[in-house]
Amino acid sequence: MKKKVAFICVHNSCRSQMAEGWAKKLGSDILEVYSAGTENYPEVKPLAVQVMEEAGIDMSGHYPKLLSNIPEEVDILITMGCNVVCPFVPNSHSQDWGLTDPSGGLIEDYRETRDIIKEKVEDLVKRVRNKEI
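If you're matching positions, the sequence shown starts at 1139 in this note's numbering and goes up one per residue.
Hints in this document: simulated from the structure, not taken from any laboratory. Among the clues, some could well be false.
[Claimed, not checked] Straight-line Cα separation of at most 35 Å, DSBU-like style, residue types lysine-lysine; simulated pairs:
hint	residue 1	residue 2
1	1163	1256
2	1269	1256
3	1269	1163
Based on the provided sequences and hints, a complete structural model is requested.
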């Protein structure tokens, strides 16, 4: 049975979207992947889409979602580092990744965030496979 994982931040327009993309690519056999935010936002940041495309992940169909668009309870809750009180979804395991939001920065900032998220998702997938989570 797949574990439900939700990547949560405020706008669901950058970091949580990247995490969703990586988790679907790297762990779709063991994870049911969601991402969401607490506030409406018009689009996924174009630079986030661009740098993920550079890494071979197509996020062109992604759009910002709200907490009401994902399951009410998940197995794993990952917050991105919200700089405010992070949203809560009932879960059996949670982590805050404390990632700086690259929004408004240079494309290099987005690439760095993308690569950090990939490493964190790889570790998460490994831990789920090893039944540590």
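Hint check:
Taking the CA atoms of residue 1163 and residue 1256, the gap is about 10 Å. The hint holds against a cut of 35 Å. With a CA separation close to 20 Å, the supplied pair residue 1269 and residue 1256 stays within the 35 Å bound. For a cut-off of 35 Å, the pair hint linking residue 1269 to residue 1163 stands: about 19 Å separates their Cα positions.
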